[in-house]
Structure formats: structure tokens, C-alpha cells
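Participant: The hints should help you fit chain Y onto chain B, whose structure is shown.
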Amino acid sequence: MKTLSLCAAALLFFTTVHSQILMTKKGVISFHSHTILENVDAENKNVMAVIDAGKKHIAFSMLMKQFVFPKKLMQQHFNENYVESDKFPKATFSGSYAEDADITKDGTYSLTVTGKLTIHGVTRDVTIPSTLTVQSGTVTGATTFKLNPTDYEIDIPFIVRNKIEKENTVKVNVEWKQNY
Amino acid sequence: METKLLSTRILPLIILLLTGTVGITQDSLLTMLEDSSKSSQATVAVEGAFKAIHLVNTQTTESPGKKELNFIIMHRFGKLNDGAYNFFGLDNASIRLGLDYGISDRLGVGIGRSSFEKTFDGYVKYKLLQQSSGKKTVPINISLLVAVNHLTLRSDTFVSAQNKTSYITQAIIARKFSSALSLMVAPTYIHYNRYPVLRSAKEVFAATVGGRLKFTKRMAITAEYNYLIPGMLDAVDLEHSLSLGLDIETGGHVFQLVFTNSNGMIESQYIGKTNGSWGNGDIFFGFNVSRNFSFNKEKKKNW
Chain B
1 MKTLSLCAAA LLFFTTVHSQ ILMTKKGVIS FHSHTILENV DAENKNVMAV
51 IDAGKKHIAF SMLMKQFVFP KKLMQQHFNE NYVESDKFPK ATFSGSYAED
101 ADITKDGTYS LTVTGKLTIH GVTRDVTIPS TLTVQSGTVT GATTFKLNPT
151 DYEIDIPFIV RNKIEKENTV KVNVEWKQNY
Chain Y
181 METKLLSTRI LPLIILLLTG TVGITQDSLL TMLEDSSKSS QATVAVEGAF
231 KAIHLVNTQT TESPGKKELN FIIMHRFGKL NDGAYNFFGL DNASIRLGLD
281 YGISDRLGVG IGRSSFEKTF DGYVKYKLLQ QSSGKKTVPI NISLLVAVNH
331 LTLRSDTFVS AQNKTSYITQ AIIARKFSSA LSLMVAPTYI HYNRYPVLRS
381 AKEVFAATVG GRLKFTKRMA ITAEYNYLIP GMLDAVDLEH SLSLGLDIET
431 GGHVFQLVFT NSNGMIESQY IGKTNGSWGN GDIFFGFNVS RNFSFNKEKK
481 KNW
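Which chain is which? The protein sequence lines are B and Y, in order.
Using the working numbering, you'd call the opening residue of the first sequence number 1 and step up by one each time.
Using the working numbering, you'd call the opening residue of the second sequence number 181 and step up by one each time.
One chain only, chain B, in its complex shape (with noise of 0.2 angstroms):
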């Protein structure tokens, strides 16, 4: 009886804590640099993304590949020869937040995530003030931040450094849908 209910409660326990795990394959960030030359705007809708609200830890991943841009010649030079995709395919983020947020309820939270982006094989400690926000079942995770592309080693040639910012904008919006 007495180990019964530990496995119980010790079951209850790991359930509990996995329903805090979300996970989507549908997570949107989009990048821009504008100048007066040229603007370069691309957009990834098909990140993936998984927010653990117990341990408080958010991971990312995608496929550089699946940056749309609106013009062909761009993509295939973004690939080609700026972020060299078919050496690094992917680009990761993995990092946790202290403050407390409850996706069960509705409300809106300030986060500071802290953690490691990597970009065309460069790992970097990075720490983004993000929010989320949940809102009947459905959680939102939203930040802008500039990124450099220097700081991940990507080459960007003298001839149109006046085209490229030195700092992109950087935008995420990932949703995820609770299923109680």
C-alpha cells in the first residue's frame, strides 16, 4: 500500500511536470536589414520550438534553407554564400528563464532568456528579453533583438557591406496551443 501510493504520487508528479512541455513546428522568426541601397527582409515559418514551463527552459530549431525571401537571386545567395547552408544546415537556440510564468493562466510575462544561439556553426551565450503571453489556452513567445553577423562569422564581402546593416533585426513569434 505504502509503495503504491509513492509510485502513485511519484507518477502524478512526472505527468504533471511533462504537461508543461509545448512544442511547436510552426513557430515564425523573420529577419531585416534595411538601407538605403537595399532591404533584405526573409521570413522562416516553419521553426520548430518547445518551451518547458516547469524547468523553465525554451529550446529553437530550423532549417536555414527555409528562409523565404522575396527575391529568388537573394535566397540562393543567403544560402550559398552568407550562412553557407549546406555546411550548417541548421540554426539552435537552447537557454532558460528565471522569472515565473504560469501558462496556465491568462496573463502577460517579461522573460529574460538566457542561453546559447547558434548560428552557421558559431555558438554564442546571448540573453534576449522576450514576453509571453498566454491567452486561453494559447501561449505566445515574442521578442525582437539585432544580431550581427560578424559575431557568427559570416562573411559579408566589401563590395556590398553598404547594403547589408551592420545589425539585423531579428524577429520571433512562436505559438503554441495547449491541449488540457
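FYI, nobody ran anything at the bench for these hints, they're computed from the structure.
Be a bit skeptical, because a hint or two may be false.
[What the hints assert, rightly or not] EDC-like cross-link-like pairs, simulated, lysine to aspartate or glutamate; straight-line CA separation at most 16 angstroms:
#, chain 1, residue 1, chain 2, residue 2
1, B, K26, Y, E297
2, B, K25, Y, D215
3, Y, K394, B, E84
4, Y, K397, B, E99
5, Y, K397, B, D86
6, Y, K394, B, D86
Facilitator: This is chain Y only, laid out in the frame that chain B set:
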């Protein structure tokens, strides 16, 4: 008895459960994503087998993207063996100006004008098969090219203007083996309404093999060889067209420096009318310069 049960049966279970929960660290979240990405692999197109629409003279499987316009200047100087009097060929020039437009990402059309025999050309190219990897793997690209070449040079050999037209059908098959190496083969059929030297209509079958090898991210060496099936134009002193090139890409421009034994730059000319010989030094130095313009209105979005 009770304690023994606890230690042998329950304890491992508890440990298992504890590690199961505690073990979900940041990295295992990432591993979880990797695992589920493996199960739902997307199809990704293998793009950019070649940098430009032309390898040297032969068209590649590439076309401008949808609503993109490509302007190309193809230029060949005279023969290197013309000697010092003609400044090793630099005094003479043969040129083709061309416009290529992408109706869709797969369908391209183009027009051009060559100074060689004052020729107009037009083509339609459709990409039947796009190389891709992932869920749906397609090993090769196939593009079908249909072109019309019409020369307007005043000459008595043709009798009528209709005789100055030739028609080209070409299947271009290419594979991007790696980010550096792409190879292509293109069987070609040309119908000349009147082949000038033979003074009759002529069917010609040929095959082109070519490839490009990138040695930096933005530079590549290209080569193409056009094999004319023997017996096709026996009565004519013809050479097979062999061309070498260096591609340099900068943003929307592609510069191609070329060495070739062909003076003409369109199918009816470089396949069926090449009489320069590499061995004799009948080598034309030249370049192709192309510039890409996009007419894609950038979608209004709340970025």
C-alpha cells in the same frame, strides 16, 4: 522484508522517475526538437546548380526567378592568333545583347540579338524537374529549351528570308553534386531551314557536356564541350565547340571571363558553325556580364 522490497524494486523506479524529470535539461529539449524534425523531414529544393543562365555559351538549367529580369552582354573579341596587327583579336568584336525574364520560378523566356550574322533569337525554357532533397528526393534538374534563331545578314545564299531561320530543341539535364560541383549534359536537335554552305535544309544532332567547380564562395571555373554527331555536317570544315570560363559573382552581377573557339553565342552558331581550332590558336577571349533586376513588389507586411 518491507525494506528489502523498497530497496530492490521501488528505489530504482524512484531514481528512474527522478532522473526522468530532472534529466529534461535545456539540451534535451533541443534533442527532442531534433528527433521530431527527423520524423517530419521537409522537402528542400537544391537551388543554384549554376550561377548564371549561360554556362559559357550553352544555357544552364537556371532561369531568372519569378518577375526577375536579367540583362546580359555577351562579348567575344577576335582570335588570339590574329597577331599584333589586330592586337591579338582585341580589335574585333562579336556581341550578343540579351534579356531574360522569369514568368514563374520554372518558366523563363528570353530574346537576344547577336552581331554575328546579325541574328535575332528568342527562347522559352521550362524547368520540368527541380532537384530536391529531404522528404521527396529528386536527383537531377531537367529544363527543356525551345529556341528560334533568325539571321538577317544580307546574302544571296538564302534565296528567301524564311531560309534564314533555325529551330533548336534542347533538354538540359544537370545535377548539383555538392555546393562546389555541378555537371550537366544537354542533347540538342537543331533544324536549319537552309544550312548556308550546303545550300539545303539540315537536321543536326549534338550533345553538350559541361560543369562548374566553385573554388571560393563567389568564384567558379566552368567548362563546356559541344559534341556534334559525326556525319551531320561532313561537307563543312567544322570544329567542336570547347569553352572554358571563370565565373565571378558580386551581388546581382555575374561576370564570366571566357576562352572559346566559337565566335557565335547562340545554339545555331556555336554548335553548327564553329570553325575555330584550339590547336591553331583560333581562340576567342571574351566575357559575359549579367545583371539581375527584380520586379517583385515587396509584400506589405507588418514586419
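Participant: Hint by hint, note whether the structure agrees.
Facilitator: The hints, checked one at a time:
| no. | hint | result |
| --- | --- | --- |
| 1 | B:K26 to Y:E297 | violated (57 angstroms) |
| 2 | B:K25 to Y:D215 | holds (12 angstroms) |
| 3 | Y:K394 to B:E84 | holds (13 angstroms) |
| 4 | Y:K397 to B:E99 | violated (44 angstroms) |
| 5 | Y:K397 to B:D86 | holds (12 angstroms) |
| 6 | Y:K394 to B:D86 | holds (14 angstroms) |
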